[in-house]
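> Protein sequence lines, in the order shown, are assigned to chains F and E.
Numbering follows my numbering, with no gaps: position 76 of the first sequence is 76.
Numbering follows my numbering, with no gaps: position 44 of the second sequence is 44.
In case anyone wonders, no lab produced these hints; they're calculated from the structure.
All of these numbers come straight from a predicted model, not from anything done at the bench.
Take these hints with a grain of salt, some might be off.
Label pairs and their computed distance ranges (CB to CB) [unchecked claim]: (1) E:69 - F:64: 39 to 49 angstroms; (2) E:72 - F:13: 23 to 33 angstroms; (3) E:61 - F:102: 13 to 23 angstroms; (4) E:20 - F:81: 17 to 27 angstroms; (5) E:14 - F:56: 16 to 26 angstroms.
Even glycine gets a Cβ: it sits at the ideal position worked out from N, Cα and C.
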Amino acid sequence: DTGVSQDPRHKITKRGQNVTFRCDPISEHNRLYWYRQTLGQGPEFLTYFQNEAQLEKSRLLSDRFSAERPKGSFSTLEIQRTEQGDSAMYLCASSPGRQGETQYFGPGTRLLVL
Amino acid sequence: GENVEQHPSTLSVQEGDSAVIKCTYSDSASNYFPWYKQELGKRPQLIIDIRSNVGEKKDQRIAVTLNKTAKHFSLHITETQPEDSAVYFCAASGGSYIPTFGRGTSLIVHP
Chain F
1 DTGVSQDPRH KITKRGQNVT FRCDPISEHN RLYWYRQTLG QGPEFLTYFQ
51 NEAQLEKSRL LSDRFSAERP KGSFSTLEIQ RTEQGDSAMY LCASSPGRQG
101 ETQYFGPGTR LLVL
Chain E
1 GENVEQHPST LSVQEGDSAV IKCTYSDSAS NYFPWYKQEL GKRPQLIIDI
51 RSNVGEKKDQ RIAVTLNKTA KHFSLHITET QPEDSAVYFC AASGGSYIPT
101 FGRGTSLIVH P
């Protein structure tokens, strides 16, 4: 499968625990995006990378959230001290890198914080 | 920043009818407008997109129109089928490289 992949697909955790999600973009896509989606809403932008550089972060991304893309390939999104309000679908997308190019989404990681 | 409004939130049609979903955007610098289809529990998938240098684009039963002056764009689905039932999202992006999504339209096609 040459599409965007995410792992895990589902995560249940207790409030206060840390979680980490992984995204593997389409190879040779140099832009990688993280979104959060809750029921009945469109994807909300969290952050994006061009190669290994994190170029922009949303105000939605509190200090408990951190993302990395150390070698410009896969990316991780970590949430520390999870809260019930963090429960959502976390989507990753990648694009070739030209302005306005199509983003290809991964299947998402569904997080439930108890 | 960009603001994208999408209407209606729910659209119910009979099989074979046409469906139209409308979006407006606020940033005149936006120049790329994709539409995504998301089935329950699945990833958003691009179904059609349009750039600001064209006014209309068609792909079989799906078409998108863009009015840059009025800052709105629409998705048209003709001869709807039950498998068209899904949530549809519009988005707008431009200089920031970051698309802003609408809140989605739940399309229900009754057989």
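> Each of the hints needs a verdict: does it hold here or not?
Evaluation of the provided hints:
Look at residue 69 (chain E) against residue 64 (chain F): about 43 angstroms separates their beta carbons, and that is inside 39 to 49 angstroms. A hinted range of 23 to 33 angstroms is violated for the C-beta pair residue 72 (chain E) and residue 13 (chain F), which are about 42 angstroms apart. The hinted window of 13 to 23 angstroms between residue 61 (chain E) and residue 102 (chain F) holds, with their beta carbons roughly 20 angstroms apart. For the pair residue 20 (chain E) and residue 81 (chain F), the beta carbons lie near 45 angstroms from each other, so the given range of 17 to 27 angstroms is not met.
Between residue 14 (chain E) and residue 56 (chain F) the C-beta distance comes to about 44 angstroms, which lies outside the given range of 16 to 26 angstroms.
The structure shown violates the earlier hints numbered 2, 4, 5.
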